[in-house]
Amino acid sequence: MANKRPSKALLSAGILVYLFLYIPLAVVVIFSFNDSKLNAEWVGFTWKWYEKLIHNDSILRAAGNSLIIAIISAAMATVLGTLAGLAIHRGRQKWLPALVLGPIAMPDILIGVSLLLMFILLNVSLGMVSIILAHVSFCIGFVALAVQSRLAGMDQSLIEAARDLGASPWQSFRLISLPLLMPGIIAGAMMAFTLSIDDFVITFFTAGVGSSTLPLEIYSMVKIAVTPEVNAVSTLLMLVTLTLITALSKISPTVLRQ
Amino acid sequence: MRYRLPGASTPATWFHKPVQTLINRAERLRNNLMALPPGLYLLLFFAAPSLMMLFASFRYPGEYGGLAPWYYVEDEQFSLDFTLENWLRLFESSIYLGLLFKSLGYALLTTLICTLMAYPLALMIARSNKRFRDLLLLLVILPFWSNFLVRIYAWMIIFSPQGALTIGLNHVTAALGIEPISLMFSSTAVITCLVYVHLPFMILPLYANLEKHDSRLLDAAQDLGANRFQCFWLITWPQSLPGIYAGAILVFIPSLGIFAIPDLLGGTNGIMIGNVIKQQFVESRDWPFGSVLSLVLTGITLLLVLLAAKLGRTAGTDNGK
Amino acid sequence: MKKLLCCFVLCLSQFALADKTLNLFNWNDYIAEETVARFEAQCGCKVVQDYFSATEEMMAKLLAGGGDYDVVIPTQNAVEALIKQGFLLPLDKTKLSNIGNTAAGYMNKAYDPGNVYSLPYAFTTTLVGYNENKIAELGIDPADWSIIFDPAVLAKIKGKVTVMDDAEELFGAALKYLGYSINDNNEKHLKEAQAVILKAKPYWAAFNSSSYIKELTVGNIWVAHGYSSDMFQARADAAEAGRDFSINFVLPKQGAVLALDNMVIPKKARDPELAHMFINFMMDPQNAAELTTIVGTGNPNAAATPFIDEDILKITAIFPTPELQAKLETVSARNAKERRLANKLWTEIKVR
Chain A
1 MANKRPSKAL
11 LSAGILVYLF
21 LYIPLAVVVI
31 FSFNDSKLNA
41 EWVGFTWKWY
51 EKLIHNDSIL
61 RAAGNSLIIA
71 IISAAMATVL
81 GTLAGLAIHR
91 GRQKWLPALV
101 LGPIAMPDIL
111 IGVSLLLMFI
121 LLNVSLGMVS
131 IILAHVSFCI
141 GFVALAVQSR
151 LAGMDQSLIE
161 AARDLGASPW
171 QSFRLISLPL
181 LMPGIIAGAM
191 MAFTLSIDDF
201 VITFFTAGVG
211 SSTLPLEIYS
221 MVKIAVTPEV
231 NAVSTLLMLV
241 TLTLITALSK
251 ISPTVLRQ
Chain B
1001 MRYRLPGAST
1011 PATWFHKPVQ
1021 TLINRAERLR
1031 NNLMALPPGL
1041 YLLLFFAAPS
1051 LMMLFASFRY
1061 PGEYGGLAPW
1071 YYVEDEQFSL
1081 DFTLENWLRL
1091 FESSIYLGLL
1101 FKSLGYALLT
1111 TLICTLMAYP
1121 LALMIARSNK
1131 RFRDLLLLLV
1141 ILPFWSNFLV
1151 RIYAWMIIFS
1161 PQGALTIGLN
1171 HVTAALGIEP
1181 ISLMFSSTAV
1191 ITCLVYVHLP
1201 FMILPLYANL
1211 EKHDSRLLDA
1221 AQDLGANRFQ
1231 CFWLITWPQS
1241 LPGIYAGAIL
1251 VFIPSLGIFA
1261 IPDLLGGTNG
1271 IMIGNVIKQQ
1281 FVESRDWPFG
1291 SVLSLVLTGI
1301 TLLLVLLAAK
1311 LGRTAGTDNG
1321 K
Chain C
2001 MKKLLCCFVL
2011 CLSQFALADK
2021 TLNLFNWNDY
2031 IAEETVARFE
2041 AQCGCKVVQD
2051 YFSATEEMMA
2061 KLLAGGGDYD
2071 VVIPTQNAVE
2081 ALIKQGFLLP
2091 LDKTKLSNIG
2101 NTAAGYMNKA
2111 YDPGNVYSLP
2121 YAFTTTLVGY
2131 NENKIAELGI
2141 DPADWSIIFD
2151 PAVLAKIKGK
2161 VTVMDDAEEL
2171 FGAALKYLGY
2181 SINDNNEKHL
2191 KEAQAVILKA
2201 KPYWAAFNSS
2211 SYIKELTVGN
2221 IWVAHGYSSD
2231 MFQARADAAE
2241 AGRDFSINFV
2251 LPKQGAVLAL
2261 DNMVIPKKAR
2271 DPELAHMFIN
2281 FMMDPQNAAE
2291 LTTIVGTGNP
2301 NAAATPFIDE
2311 DILKITAIFP
2321 TPELQAKLET
2331 VSARNAKERR
2341 LANKLWTEIK
2351 VR
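Chains as they are written, first to last, in the working numbering: chain A, 1 to 258; chain B, 1001 to 1321; chain C, 2001 to 2352.
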């Protein structure tokens, strides 16, 4: 559609939507420099909320928890999700797609409360382990989808050629399929990592003592002590993700398009 | 995918048959082995909890929370202790069903507004120069990378009664002589935020669809004398329906179950079904009733997914014609 | 890149696994930062706080397996319920040298005879905090529950009122407004209270138990139903921020809820030793006094009085006079059936 230029009306409507997307975030960033604890009107410029943040142990601890949880659950979900993607692609198990895609379709709250119910009834104490188990269960589907879409676009004749040339199934998988699948697996792993580090609802129900994550900490800050420290955390968080995305798009430009 | 014997393109049948069966069997085993770990994991951490929830919805709440035992032994007589009470409570008064409809209404309105806002943007991106498309798309995704709660918090600042927006609006209302309005703690606030949080879910599938349209169709229509509205309504719109269905399902379902937005912005009247479910689990300690509400929401979700799958399929075949 | 990431994770995990941690489950805004910092310095440990803003919320969290906090600060009725369930660790009095500081009047209460499991932390009343200038301007009597329940009064302050997101407190206030006892479990009376609440609900901005300190200070709301200690902080914050109005608070004349909050140690506590240290630390006169001078709570610690400002001791909403005390009631533990009824009525209020 390259030759069909957007009309002026379309262009201005589009710009309005962009403004709608960005103004709220700009407000958050601006107010992170506001020299007033009350966050109601602009008083003056300050760095003090960032300084306070650096010394805020509970935020740092929560960030650490978030990172550990995201790394472990992304790793687990990547292995399980890749297997699931391969199995779904071969299409032998009719029940598997429903099971893998179910957690994607369900509202988060349902996954959260049902896992809470089960953990308590089975006497699993809530904490990092329960959060990781929960995160893996909703991340598997996303990895499987990414892997499967990669498989769908893959040239099967390459594998057959390898097999014809005497490669064992394992060899053909390791030397041909796996490298070809890698972009899908990486995209899936990244997605799992972001979903896990960003999740609030499911963590809210499965977290226990001392396992508070960054989103939970932000929630309690927003709910209780609404100081510009929240804005500072948010701004830093945006900055971190922005850097990560830029870095990743430099490393592998195709990843973003997945 | 069938594996051929290495180096044997025309083997003798007496040799080929049993070996091929063996290989097939090995392959099936491998497939099963591959499906087993994720399958088991999800059976344990997705299917089992849902079943336990069903079980819980027929039990009594425990004295201090949790669940009461599901059986008791009295005079060496074993009896089950299940009840329909929790399900009946749902219909006891119309308020729960009313809340359900209200939540469905909120989610529907969110989906509609998202469609209205996403369409022009997606169309604009699809029609802009190829060089800029990736950048424009990235600009849609970027805000989405900030945490969900940060995005809600942004609206809490904007809607604050001391915020510039409210004060500005109330200058207008004062000039018009109407009562001052309050944006915070209203259903308007809830829906605005629901739209904000879910908008990218609508833009992306819609763009993916619009981008594939064949522009020659529009040229042909124009050549045949169609005006711009006709071009849009008769050609672009019907082709974009699958994209809208896909986006709608991605917006509707998550917004139905949300509790944080009404919690922080809804005030006394803006709550949704998710809040009541959360309340049963983390405040009232009434898990059986919480399970009932959750199962109702699960049912609605399943219905919607099936409906969307069906709609998507018919729309897809319509396009194929 | 990978190495950098590994280092980062290691650093952070060290944070997450700091060897000595006191996990404290407390009401929000219920301990001064200064006090926490001093305890951390003294014991060489970290204090990690989780917050709750309603007794029901705390009980739900504790009973949902979150029992491994080291110290919890429940209100008297919750202490009773937790004892009945065998949830608490008996206190080792030999480790609590400051125990004698607590005034005798707050010890050995019916909910925990002999203070086997609990020791008093602080007390608060639940009352009404208000924007003095606005309420005077509108000519509303703040010392009467009608300020949050009577539609005729509420019409003047529509959308500028928040009430607690807490069935116990809100029903308590409504029952008092109707002239009943806070512990009335008569279904008819509770339904009357529910009707009062439902009639007033359209005039309220929100159910809010956690951020009304800020909302009052900023001026977003004019009247808040909440704890005396929180209103004390709102008043101080507004004065400090130089707002063009002042916040005040007063006990309604129909009477109100008095909450005596206690320190307890769950059986599953990870570090009971440290928990005892914390409890003893909080009973030290100077530390206990900070609860009043900074947080604004009533203080059961007799030895702390000399460290408390004369002016605060005179605030009757924080330290009620004997005649006011006669109008205050403490909530007693409900049995399962009564609790279910109350929760059902509460859910109906939220849903409607």
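Keep in mind that the hints were calculated from the coordinates and are not lab data.
One or more of the hints may lead you astray.
[To be verified] Which chain A residues face chain C? A few, computed with CB under 10 angstroms, are given here:
hint: 1; residue: L38
hint: 2; residue: K94
hint: 3; residue: L96
hint: 4; residue: G208
hint: 5; residue: S212
[Unchecked claim] Derived lysine to any residue pairs resembling SDA-like cross-links, with alpha carbons at most 25 angstroms apart:
hint: 6; chain 1: A; residue 1: K8; chain 2: B; residue 2: W1237
hint: 7; chain 1: A; residue 1: K8; chain 2: B; residue 2: F1058
hint: 8; chain 1: A; residue 1: K48; chain 2: C; residue 2: R2270
This structure is a prediction, so every number in the text was calculated from the model and none was measured.
All residues carry an ideal CB built from backbone N, CA and C; glycine is no exception.
Ascending list of hint numbers which this structure does not respect
Violated hints (numbers, rising): 2, 3, 7 and 8; every other hint is consistent with the structure.
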